[in-house]
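Visitor: Please put together the full structure from these sequences, using the hints given.
Number of protein chains: 4
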Amino acid sequence: MVPRNKLKILNDPIYGFITIPSELIFDIIEHRYFQRLRRISQMGLSYLVYPGAHHTRLLHALGCLHLMQSAVRVLRAKGVEISPKEEEALYIAILLHDVGHGPFSHAMEHSIVEGVSHERLSILFMNQINEEFNGKLDLAIAIFKGEYPRIFLCQLISSQLDMDRLDYLKRDSFYTGVVEGNINSERLISMLNVMNDELMVEEKGIYSVEEFLLARRLMYWQVYLHKTGVAAEQLLIRVLKRAKELFGAGHQLYLGNALEYFLETKVTEADFTPEILETFASLDDSDVLAAMKQWSHHEDFVLSTLSRMILNRDLLKVVISKEPPSEEALASHRHQLAAKYDLTPHEAGYFVFSGDITNTAYRMEEEGIKILYKNGNVRDVVEASDHFNLKALASPVTKFYICYPKPKD
Amino acid sequence: MVPRNKLKILNDPIYGFITIPSELIFDIIEHRYFQRLRRISQMGLSYLVYPGAHHTRLLHALGCLHLMQSAVRVLRAKGVEISPKEEEALYIAILLHDVGHGPFSHAMEHSIVEGVSHERLSILFMNQINEEFNGKLDLAIAIFKGEYPRIFLCQLISSQLDMDRLDYLKRDSFYTGVVEGNINSERLISMLNVMNDELMVEEKGIYSVEEFLLARRLMYWQVYLHKTGVAAEQLLIRVLKRAKELFGAGHQLYLGNALEYFLETKVTEADFTPEILETFASLDDSDVLAAMKQWSHHEDFVLSTLSRMILNRDLLKVVISKEPPSEEALASHRHQLAAKYDLTPHEAGYFVFSGDITNTAYRMEEEGIKILYKNGNVRDVVEASDHFNLKALASPVTKFYICYPKPKD
Amino acid sequence: MVPRNKLKILNDPIYGFITIPSELIFDIIEHRYFQRLRRISQMGLSYLVYPGAHHTRLLHALGCLHLMQSAVRVLRAKGVEISPKEEEALYIAILLHDVGHGPFSHAMEHSIVEGVSHERLSILFMNQINEEFNGKLDLAIAIFKGEYPRIFLCQLISSQLDMDRLDYLKRDSFYTGVVEGNINSERLISMLNVMNDELMVEEKGIYSVEEFLLARRLMYWQVYLHKTGVAAEQLLIRVLKRAKELFGAGHQLYLGNALEYFLETKVTEADFTPEILETFASLDDSDVLAAMKQWSHHEDFVLSTLSRMILNRDLLKVVISKEPPSEEALASHRHQLAAKYDLTPHEAGYFVFSGDITNTAYRMEEEGIKILYKNGNVRDVVEASDHFNLKALASPVTKFYICYPKPKD
Amino acid sequence: MVPRNKLKILNDPIYGFITIPSELIFDIIEHRYFQRLRRISQMGLSYLVYPGAHHTRLLHALGCLHLMQSAVRVLRAKGVEISPKEEEALYIAILLHDVGHGPFSHAMEHSIVEGVSHERLSILFMNQINEEFNGKLDLAIAIFKGEYPRIFLCQLISSQLDMDRLDYLKRDSFYTGVVEGNINSERLISMLNVMNDELMVEEKGIYSVEEFLLARRLMYWQVYLHKTGVAAEQLLIRVLKRAKELFGAGHQLYLGNALEYFLETKVTEADFTPEILETFASLDDSDVLAAMKQWSHHEDFVLSTLSRMILNRDLLKVVISKEPPSEEALASHRHQLAAKYDLTPHEAGYFVFSGDITNTAYRMEEEGIKILYKNGNVRDVVEASDHFNLKALASPVTKFYICYPKPKD
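Residue numbers (this note's numbering), protein chains in the order written: chain A, 4 to 412; chain B, 4 to 412; chain C, 4 to 412; chain D, 4 to 412.
Errors might be hidden in some of the hints.
Repeated chains share a single entry, so a pair holds when one copy, or any two copies, can fit it.
Simulated crosslink set (DSS-like; lysine-lysine; CA at most 30 Å straight-line) [claimed, not checked]:
#1 K207 to K320
#2 K325 to K244
#3 K269 to K148
#4 K139 to K11
Just so you know, these hints were derived from the structure itself, not from any lab. As the structure is a computational prediction, the values presented were derived from the model and not from experiment.
Guide: Here it is as structure tokens:
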């Protein structure tokens, strides 16, 4: 039995409270690699749009743990066997599924550690923790990597209806106040079942799955791909790119040690020794914020201006359209800006750029969401849904944006 | 009329959304001094206890603005005259009432700017913004400082039943998940009235006021004075004190410019030139976090250990008692620690210390909460309440704590 | 000014509290025709499926009043002129828009007062109250009937985005616990505007309107047209039909006076004298429930069995399909039942029947929801939405059901 | 294992959803004695004050079932052994703990079945159901009656911190919108433990217990003993008393069969044969409402006036005071009324009366709430609480009211 002093309960504004189910999991939560997630914003810079959204990767991971406990309870009640070892491995894997995220979550993958995904970094972290815990994470890692034969265990962690999505959609809806994106995670979980070691949703859950997909679509367009949020993230990527550029050219630049290391060194996945991982682990949102405040006084116009724009939420103008903006439009904005502030075209490009945002609410080509009928039949949810064209959700929607400085009044 | 493009609405998880009522207020919100509040945690390090509580001073200030709009609406509906100029001044004053807070809110008043309260700093900031806005904040500042004759306007901003408390209790309860501390702010506001320019609560609101006081008491003991939170804050004060000590003694120390300035210089209120205010404004939670990560590798045992304790949430043991701990107990813990790590008594004192926490749920000696009876009589709420000994809430409760390192297993 | 003792505030679990804005409105709320709505369930027998859903027509009407106050505030803030008289008329009209509902809301229109819609009855009630209030409801009635030139006032009461829908979707979602149907009513209202006296939604509100339509679709299929709820309602219609039949054939039957009158008399709209209206007003859910309990002991097998089925929630089996059930299937079930209990085919038909349920989430042919662009253009929301096939929501979806007795174990 | 088709999930606005844990429990829920609770308002006539509060005894019972499942889970996780048979018995006992309530809950105990408490009636119902289920409720009944040796099982059902209170306080707070009465039921449950077969709260739960007691006190004064609600309940008791009086005197009176039986017959507990129990079971709120609507046209002034007052919410004036009203005051009001409407003093007494309301938030003399310290010590919560005078909550508070007709404007 869990010793009393480690049987912990944590408050959560959404689920009321979250129970830590075992001593091993308690110890993993106490690990510095997990605790650092307190300093990484779950939604990056989205708080510039939704000022309530300062929740962290740590709380999201704990929320996933909570939902996974519900899922285990529901499945067992339906006769699905999950051994105590599998159960604990599930909890560990979901807790650590995002442990590889860097500062401001996704922005870093495009700057600091270009080309190494956070999923790969999560595995590196898990391996490292596993070593410290003498192999107790073996099964968790196997499940996470999809190498364990009972595939539904992996699907609970990573699929189109995993505990990750069930928590983050609900949580992000809660903290942003976008109530239309609220989903009934517990109800969806109550409709899960397993057949042939595959995760299914029972027939009566079709509506709930539909709503889940629609809520997800909503959250993408209204929140994750909100044009102001996209602009802020693009600025963040560019401020780090500029810092790297200046640093590479020998400029004096305020940087913490860890940031300095990653701006200086091109690191591939293979390079990640335990020491480098430790250095990466010491990076979080605060380094970038602290650095930008110093940079806001830097003599380089691009670096200081970009920094101030983010810090003071004085962002670029963003225009969304169905077609990519013309090269002429971009050139004209760049030209104007370059003339006004005496910038090179390269420098002006930091403030005038375009891109696209795209979302597919449901991916049919991937492993889909399966509906299990009372008679034992199984169909993809898109085919099971009889009164709504879910297929529309399966085609990607792409929009284009152009960013340029706001004309000042 | 407000130009369409500045009539802004912000999402808030608590009130649904918050309306920005005028262009001037919109511009004040966009000011960098206000935007910096995005980087200051409303509850300091309480998120180490309540992982959902990462909301910021910025959102709290906007929440207060929202409640103030309700209050103006309610009072006007009851025939209380509030001119448009007074109305706008109220909104400005409540928005900026906490703009003077530094990193981690209260902790800084005991380290960075010892002896200058955040209220005083708020006034300095307001004056500075007022200058930039050509005196448009004159009335707001007069109300905030209590210099405007219609005293209820000031009471709406600062009293035992002000919009500040009505927002922060509700908000902190919401984000921590301590639902018992939830208060019905809108209902309390609906019961406000004004007589002889003084703020009153109508007779039927007695229960609501009682509950408000009880909820406040609960939040103090369960949240604001939670022993783990207190320990974390004390460690934070000590890590900065040690940094100052080392820096003063000539040690090399990673610090941003602003932190360096304030650790180096003893600043009194009179010293705050616009430049120094600007430097102070550039300080926020991220500087302290970023610095502690660097310090966690410092050669000084005290500085590096304290830093790691906070970052990794590996805090001291805290024992609460009704009596102050004995000098012997403190000495014994210090002695043990000094022996174990070869520390001087002064150094050991950074890890072994005691203190007290105290709260008075309701202060009778101060300007109290007045109940207005239908017959025009006015009584203090403590006397008005007829079936519960509210006086018990008016006596301060003090507890003592001792902190020392956890015995490792 | 409103006399203090009539400035009332009511608690509402959804909006916190609802303010009664004037003395006249207070007096209308106190009228017995409005108070009777306390005894009429907003969702009919849906509480047999969703046990939390016992909210009443009275609370819904008050909720609409609350939202209308928001709408007036928002529109005025955008420069739309609404005179105090128009304002009060809006409140009265929305308060009374459903006052004509009979017991269990919609079920009665198919039995008690066949052929007289509740909207027509609402007008009859409004006229009657207007007489008692010396014509003070003239403008409210004109707006309600669409006879007032400023058409947006009527649209706020009755259109595809009226305060009625904004309240009932939110409220029914809340009380059923179907959180996916929650809509952000206040946010939708904040995006309303008026051009050429027509109600519009501002451009930035497109997503919110989409979500509103999707939530509405969800609530229809998951709640309002839930198969068990449909079966219960059909049984209720049939129990009353049977009572009428028996009563017409001279059987002794327990009935209150009002129920007796309406089962005995075929009443058209033209027949509604003030006396008959008063008799209708005395009917509510309790009469039907009380009667069914008496009927459950009646010697007629059909009447007593149907009554018990509803009272004890021992309902028929319902099978949903995309095609209408075959005549053979119906005949076979009827035949089986008739044989088992020695019933005539007509009697068996009370327990075996089919029907269809249909819903159109958005009606394009009707006056649609108009989107107002910043450049002044106006488009229907279906055309304005650029990344989701809203047209799919505009085609009616029909399903068929067959009901027959459950095979007993 | 539970057959799939009986593993039911119900929506609940508060807990999300409620799971029916076994087939036996499913069958008990389907029993007509349980289903009738759908027609009995949990809070009597309180909906005349709080219009959202139409929730039923059925939903409250299901909510208790849900909390009991949490309690079993928590206690087992702490090593408390609860056998599957005990578990099911707990669920049955809590489901049926209030099944003996009559129309409008408490009002009936003072009129219809004077002198037979609802608890006694609950046992009679349980015995009857037990017979139909061949003794499967034996253990549940033993636990409910306190005859089972493991006393904590009974305490979970009935004590000062039982699942009943944990549900009804939360639920009534939710449905009335009195958010200050919200309690964190799940958190309180998480702190339960058992020592020597007695229910305890762990030390860290002291604050939560305090808050629970304060919330309970609040709900009593603000909701359950709200003066308007008290007046309505007193009127209801009197309308039935008058009906009984008239009926006894041979007047013609509309009554359903069941109501007639109980107004005619004085029934003691010993009289309750299965037939009489069945008659009682057929009584619910609808009978009283339907009867009052008929009575509102009765020739007896007292009966018709009282009925209309309740139906139209046109209640008496209520004045609360610390001292009982004087006999002179009562006599004067009665005299005035008698003169105005030509009533006998006895008749006038139906409209002019006084009484008292009293509440004790915590009863020390009874079996108290025990706090279990880490060191194994046990203390009553009143002694355990160190910074708040909980003893104040243990003294009864009594207030007096006088009711008389409102002076009409």
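Visitor: Of all the hints numbered above, which does this structure not satisfy? Sort the numbers upward.
Guide: none
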